[in-house]
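Enquirer: As they're listed, the protein sequences go chains A and B. Note that the working numbering gives residue 323 to position 323 of the first sequence, counting from 1, and the numbers run on in steps of one. Note that the working numbering gives residue 89 to position 89 of the second sequence, counting from 1, and the numbers run on in steps of one.
I should point out that these hints are in silico values taken from the structure, not numbers from a laboratory. One thing to keep in mind: the hints can contain errors.
[Stated by the list, open to error] When the alpha-carbon atoms are kept at most 25 Å apart in a straight line, the in silico SDA-like pairs for lysine to any residue are as follows: (1) B:Lys167 with A:Leu292; (2) B:Lys167 with A:Ser262; (3) B:Lys52 with A:Arg411; (4) A:Lys269 with A:Val455; (5) B:Lys167 with A:Leu633; (6) B:Lys52 with A:Leu292; (7) B:Lys167 with A:Glu295; (8) B:Lys52 with B:Ala9; (9) A:Lys182 with A:Leu292; (10) B:Lys52 with A:Val546; (11) A:Lys559 with A:Ile448; (12) A:Lys269 with A:Met662; (13) B:Lys167 with A:Arg470; (14) B:Lys52 with B:Phe306; (15) A:Lys185 with A:Arg411; (16) B:Lys52 with A:Glu295; (17) A:Lys559 with A:Thr539; (18) B:Lys167 with A:Asn212; (19) A:Lys269 with A:Phe553; (20) B:Lys167 with A:Val660; (21) B:Lys52 with A:Leu401.
[Claimed, not checked] If you want the ones that stay clear, here's a sample from chain A, every Cβ over 10 Å from chain B, calculated: (22) Thr210; (23) Asn536; (24) Ser609; (25) Leu614; (26) Val658.
From the three backbone atoms N, C-alpha and C, an ideal C-beta is built for every residue, glycine too.
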Amino acid sequence: MTGTTAPIRPAQPSATEIERRLLRNRKYITTIILLVAAGILGLIVAEQIITGWLALGERANISRRDFNILEIAAAIGAALWGILCLYSASGLIRHPSTPSYADYLENRVGRTSAGVLITLAFLFISAVLCLLYAEQIATGWLALGERANVSRRDLNLYEIIAIVFTGIWAITCLRTFWAIWKRDKRSWPWAQWIALLTALVSVAVVFAGTINIRSTLPRSGTVADNLPAAIELVAPGLMLFLAATVVYRYLTLSVGLSADQSVRNQLAKSPSAGAIIGLVTLIVAFSIASSLFLEPRAIAGALSTNVTNGIVAIGITLLMISGEFDLSVGSIFGASALIFLLALTEGVFGLPPMRAIPAAAIALLFAAILGLINGVLLIRTGIPSFIVTLGTLLAYRAITLVALPEGRIIRYADYRLPDPVMEFSPYILITLLVLVAMILLFLAYRQIPHLWGDVLSRIRNFRENESPFRDVQLIARIVWSAIFTIAIVGLIIGCVTGIIDLLGRGSTNIPVNFFDIANGRIASLPVIGPLDASINLRTGVIWWFVLVVIFQFILNHMKYGGYTFAVGGNPGAALAQGISVSRIKITNFIICAVLAGVAGIAFVSRVGSVGPNLGEGLELEVIAASVIGGTLLTGGYGSIFGALLGVLIFGLLRTGLVLVGMDPRIFYGVQGVIIIVAVIINTAVRRART
Amino acid sequence: MRKASRLLAIALLILGVAVIGIGVVGAQDDGLSFAIVSHGGAGNPFWITVIKGMDDACALLDANCQWLADDTYGLEAMAGFWDDALALNPDGIGTTVPDPDVIRSGVERAAELGLPVIALNTADPGAGTDAALPILFYIGANEFTGGVSNAQRVFAEAAAAGASITKGVCTVQEQGHSGLEARCAGVESVFDEMGVPVERLNITNDPAETAGILSDYFAANPDTNAIFMLGPAPSSGLNLYLTEAGIEPGTLFATSHDTSAEIYQMIQDGALLQTIDQQPYLQGFETIMWLYLNSQFEMAPGGDIFTGPGVIDSGNVDAIIDLTAAGYR
């Protein structure tokens with residue numbers, strides 16, 4: 001059919017038609033649902049606070065008389081919030097084309113527009129509640145009329161920290177409130193941050209509440225028997241979460257503002273944003289759920305237990321960034337622990353029993369050879385690393401299975417040997433200390449003037465700085481510079497006093513127990529003093545953190561790190577630039593294996609025994625920790641610091657679940673959910689970057 | 001280079017075929033032959049002793065015997081090993097039964113062939129019901145009575161010391177293992193009778209991780225003063241925890257199952273009251289002996305043969321240590 005048909009232009013839709021279409025839009029519908037839910041929850045919370053969380057049907061209308069001021073404020077705030085949310089929802093239904101935040105900043109709408117009103121109310125209520133919370137901690141949760149202004153004298157450290165934090169938070173909320181009132185563009189990222197962090201904390205509160213529901217139940221009861229307690233534990237957190245989400249949604253509706261001010265863009269600057277968010281949520285949740293969680297003994301225990309996982313995770317992360325991974329680390333870990341223990345006691349490879357340092361060197365060399373085999377197999381055959389290292393996982397396991405006499409667990413204690421003691425001439429130690437002090441001095445000379453110069457120039461140019469975060473950046477720089485300076489000066493002083501101390505001892509050799517150095521118990525800390533017997537902090541934790549810092553430095557500030565990223569991100573392009581892809585990959589396999597060996601030595605130094613199955617299942621745990629820390633399985637992206645956070649998340653999760661007395665059978669379930677959630681957050685954040 | 005590697009591969013192939021061939025030829029003997037299928041093997045000290053029992057019995061009978069199992073722990077792999085066992089055309093088969101359904105088809109085929117099958121170490125949980133496997137009888141420890149013995153010892157020792165048990169905890173290192181669950185069930189039956197609360201705690205086979213979990217557990221539950229470990233690696237974790245937390249022997253009433261050098265030392269130190277030995281050597285030895293007696297002379301005992309619970313405590317631990325060194329315990 002020929003002939004021209006003019007394209008039919010649809011008739012210009014009328015204003016009501018546009019509104020009707022908007023109303024059908026999913027985004028608006030979810031916003032309305034959120035608002036209604038937040039409103040109803042707010043009213044329920046207010047009512048429950050006033051009636052004292054009575055069970056359903058228990059004379060629910062009797063009001064209490066022993067309120068403290070926080071409860072009154074919370075009730076009023078929640079009620080106001082509920083009404084405001086329902087009002088906004090009805091407004092949205094009547095006029096779907098609600099103006100965005102950018103409209104408000106450009107003076108096109110007034111302050112009574114629903115979204116602005118909700119944001120302002122959210123900030124104000126948060127600030128008031130925070131201030132009252134701090135006040136209540138300080139005065140000891142008194143009911144109204146009971147001399148509320150008397151401050152307590154028996155505050156513990158955590159209470160003081162809580163007061164300081166809530167105080168800072170309240171000031172931030174009020175400052176942002178003022179900026180929004182003045183239509184200041186800088187209020188945008190600030191309000192987003194506040195909404196996001198409030199949402200996180202409220203998720204933690206809900207999590208903690210859910211954990212504690214069980215403890216409020218009678219032995220054979222179900223949740224339905226004790227619904228009010230369940231509501232009391234979960235509803236406030238849920239309300240806070242909905243409130244924060246509503247505000248965050250409203251703030252991100254506006255598109256007219258510069259993208260790099262959005263929270264997502266700020267988060268995308270760090271590969272481990274998901275892990276940081278997860279760790280903060282976890283810590284807040286468990287410290288609410290169990291008063292034992294923030295005790296030093298629990299934290300120290302979690303750190304000491306995860307030294308081996310943490311050290312292995314460093315290597316695996318480096319390897320994953322270069323685009324490969326190694327399933328055989330568990331077997332290498334077991335094998336090198338065995339070689340180390342045997343070298344100390346019976347001797348290996350036809351050598352007689354030896355001292356600690358040669359034994360450790362042999363174990364590490366052995367691990368390096370196993371890593372080299374992995375790498376060479378991979379490069380020469382081109383088989384995917386999953387298959388190659390699955391094979392070596394099984395093959396290397398045979399080492400411990402075959403070598404252990406009759407497959408028994410061998411123990412250092414069974415050989416009735418004294419702990420391996422190394423004797424050092426004091427002059428060697430003095431030379432070492434002088435060397436360390438010189439390196440520190442050089443670092444101080446290079447970095448300190450630079451850091452403080454930066455701080456000074458920021459102070460000078462404070463007025464001209466357009467960034468909304470100029471004050472936070474300035475404070476962060478000052479704090480970092482101060483910590484760096486104090487740490488460097490402290491270390492130098494430590495070196496100097498050590499040298500003086502050694503000089504005073506004369507020339508007798510100084511005995512050092514190798515096990516204590518590698519992974520012994522730390523009896524006292526420099527500033528804090530002697531540790532209580534229940535606190536089990538091991539020197540291995542120090543080595544773990546030092547290794548994290550070293551490898552993070554290599555990755556981010558040295559050529560080798562850049563090559564690693566390039567090889568993992570785009571091997572073709574790396575090759576074209578003259579980087580030897582295979583050499584980098586093989587080196588990373590070796591580093592990964594050697595770190596597994598280091599972990600093996602740390603394990604033997606603490607536990608003193610090796611069984612044939614040592615390290616089974618380790619590989620998946622550390623790969624999961626790296627992935628949670630933001631490292632991509634496909635390579636080219638990630639960070640060592642993220643792996644540290646990933647290991648900490650797993651360790652603290654187990655500690656927390658045991659402390660709250662939850663059935664540890666669900667541990668794997670929770671672990672799985674955390675992996676998936678963390679990866680979802682990581683991907684969402686990373687999308688903002690690309 | 002490529003040629004060389006190809007040659008190498010071919011050489012390896014020939015070598016493999018030769019080794020397997022020699023093995024098969026060696027196995028084709030006219031004498032008796034027996035096989036035992038298990039869920040664990042040479043990777044675990046416990047099974048080494050069972051295998052020694054099997055080997056000693058076979059040496060006495062001049063029979064060919066095969067231990068068919070995953071080196072460490074493999075439940076699902078047992079189905080395949082049962083096929084291998086039947087392919088060896090033996091005179092009788094012993095098997096562990098951690099999960100009857102995994103090995104059901106193999107056991108039924110053996111019954112059709114008229115081969116005697118004896119369960120060792122872990123009994124058929126369906127025994128006596130319609131779902132029972134066609135198995136002659138069971139040779140092994142009674143896990144439940146082992147748990148009962150441990151719990152009774154703990155209450156007796158506490159009473160003798162003038163203390164009382166306020167709360168107990170039974171630690172499980174392999175989730176879903178029916179034998180371990182039965183040990184805990186035995187403990188719980190005694191605690192329920194005494195009206196004392198007892199709970200379960202999941203730990204791992206890694207001593208350092210177990211020590212961390214125990215440290216957290218005792219921080220949250222300071223009133224617990226009885227603990228039941230179910231194996232050597234868990235006991236190693238308990239020992240690490242006790243040493244690092246500086247807990248004196250005698251304040252915590254603890255027992256274990258199975259044996260290891262460390263468990264013996266803990267008994268000598270007073271950190272463990274007793275351990276339950278299921279006499280693994282007997283399980284391997286008697287299984288072969290009864291397979292021989294049944295296949296040749298149609299003999300059978302009047303019921304299951306219990307190799308445990310045998311109690312090891314400070315009274316007999318020194319004698320046991322010597323026997324362990326010889327591989328019998």
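Enquirer: State for each hint whether it applies.
Expert: These are the hints, each one checked on the structure:
Restraint check for Lys167 (chain B) and Leu292 (chain A): the C-alpha separation of about 20 Å stays at or below 25 Å, so the hint holds. For the suggested pair Lys167 (chain B) and Ser262 (chain A), the alpha carbons sit about 54 Å apart, so the restraint of at most 25 Å is broken. The straight-line distance between the Cα atoms of Lys52 (chain B) and Arg411 (chain A) is roughly 22 Å, inside the 25 Å bound, and the hint therefore holds. Taking the CA atoms of Lys269 (chain A) and Val455 (chain A), the gap is near 22 Å; set against the 25 Å cutoff, the hint holds.
Restraint check for Lys167 (chain B) and Leu633 (chain A): not satisfied, since their Cα atoms lie roughly 46 Å apart, outside the 25 Å limit. Proposed proximity of Lys52 (chain B) and Leu292 (chain A) is contradicted: the alpha carbons are some 48 Å apart, above 25 Å. With a CA separation close to 23 Å, the supplied pair Lys167 (chain B) and Glu295 (chain A) stays within the 25 Å bound. At roughly 36 Å between alpha-carbon atoms, Lys52 (chain B) and Ala9 (chain B) are farther apart than 25 Å, so this suggested pair is violated.
Our distance criterion of 25 Å between C-alpha atoms is broken by Lys182 (chain A) and Leu292 (chain A), whose separation comes to about 45 Å. A distance of roughly 47 Å separates the Cα atoms of Lys52 (chain B) and Val546 (chain A); the hinted pair therefore is violated under the 25 Å criterion. Of the supplied pair hints, the one linking Lys559 (chain A) and Ile448 (chain A) holds, its CA atoms being roughly 24 Å apart against a limit of 25 Å. Pair hint Lys269 (chain A) plus Met662 (chain A) does not hold up; C-alpha atoms about 36 Å apart against a cutoff of 25 Å.
For a cut-off of 25 Å, the pair hint linking Lys167 (chain B) to Arg470 (chain A) is broken: about 57 Å separates their Cα positions. Between Lys52 (chain B) and Phe306 (chain B), the direct Cα distance comes to roughly 19 Å. Compliance with the 25 Å bound is thereby established for this hinted pair. Straight-line distance between C-alpha atoms of Lys185 (chain A) and Arg411 (chain A) comes to about 66 Å, which puts the hinted pair past the 25 Å bound. Proposed proximity of Lys52 (chain B) and Glu295 (chain A) is contradicted: the alpha carbons are some 49 Å apart, above 25 Å.
Simply put, Lys559 (chain A) and Thr539 (chain A) have alpha-carbon atoms about 31 Å apart, too far for the 25 Å limit, and the pair is violated. Taking the CA atoms of Lys167 (chain B) and Asn212 (chain A), the gap is about 21 Å. The hint holds against a cut of 25 Å. Restraint check for Lys269 (chain A) and Phe553 (chain A): the C-alpha separation of about 17 Å stays at or below 25 Å, so the hint holds. Of the pairs offered as hints, the one joining Lys167 (chain B) and Val660 (chain A) holds, with about 17 Å between alpha carbons and a cut-off of 25 Å not exceeded.
Note on Lys52 (chain B) and Leu401 (chain A): the hinted pairing holds, with a Cα-Cα distance of about 16 Å set against a maximum of 25 Å. Residue placement check: Thr210 (chain A) keeps its beta carbon more than 10 Å from all beta carbons of chain B (closest about 18 Å). Distance check on Asn536 (chain A): its Cβ comes as close as 5 Å (rounded) to a Cβ of chain B, failing to clear the 10 Å threshold; non-interface status is violated. Not every CB of chain B is more than 10 Å from the CB of Ser609 (chain A) (nearest about 6 Å), against its label as outside the interface.
For Leu614 (chain A), the condition that its CB be more than 10 Å from all CB atoms of chain B is violated, with the nearest at approximately 8 Å. A beta-carbon of chain B is positioned within 10 Å of the beta-carbon of Val658 (chain A); the least distance is around 4 Å.
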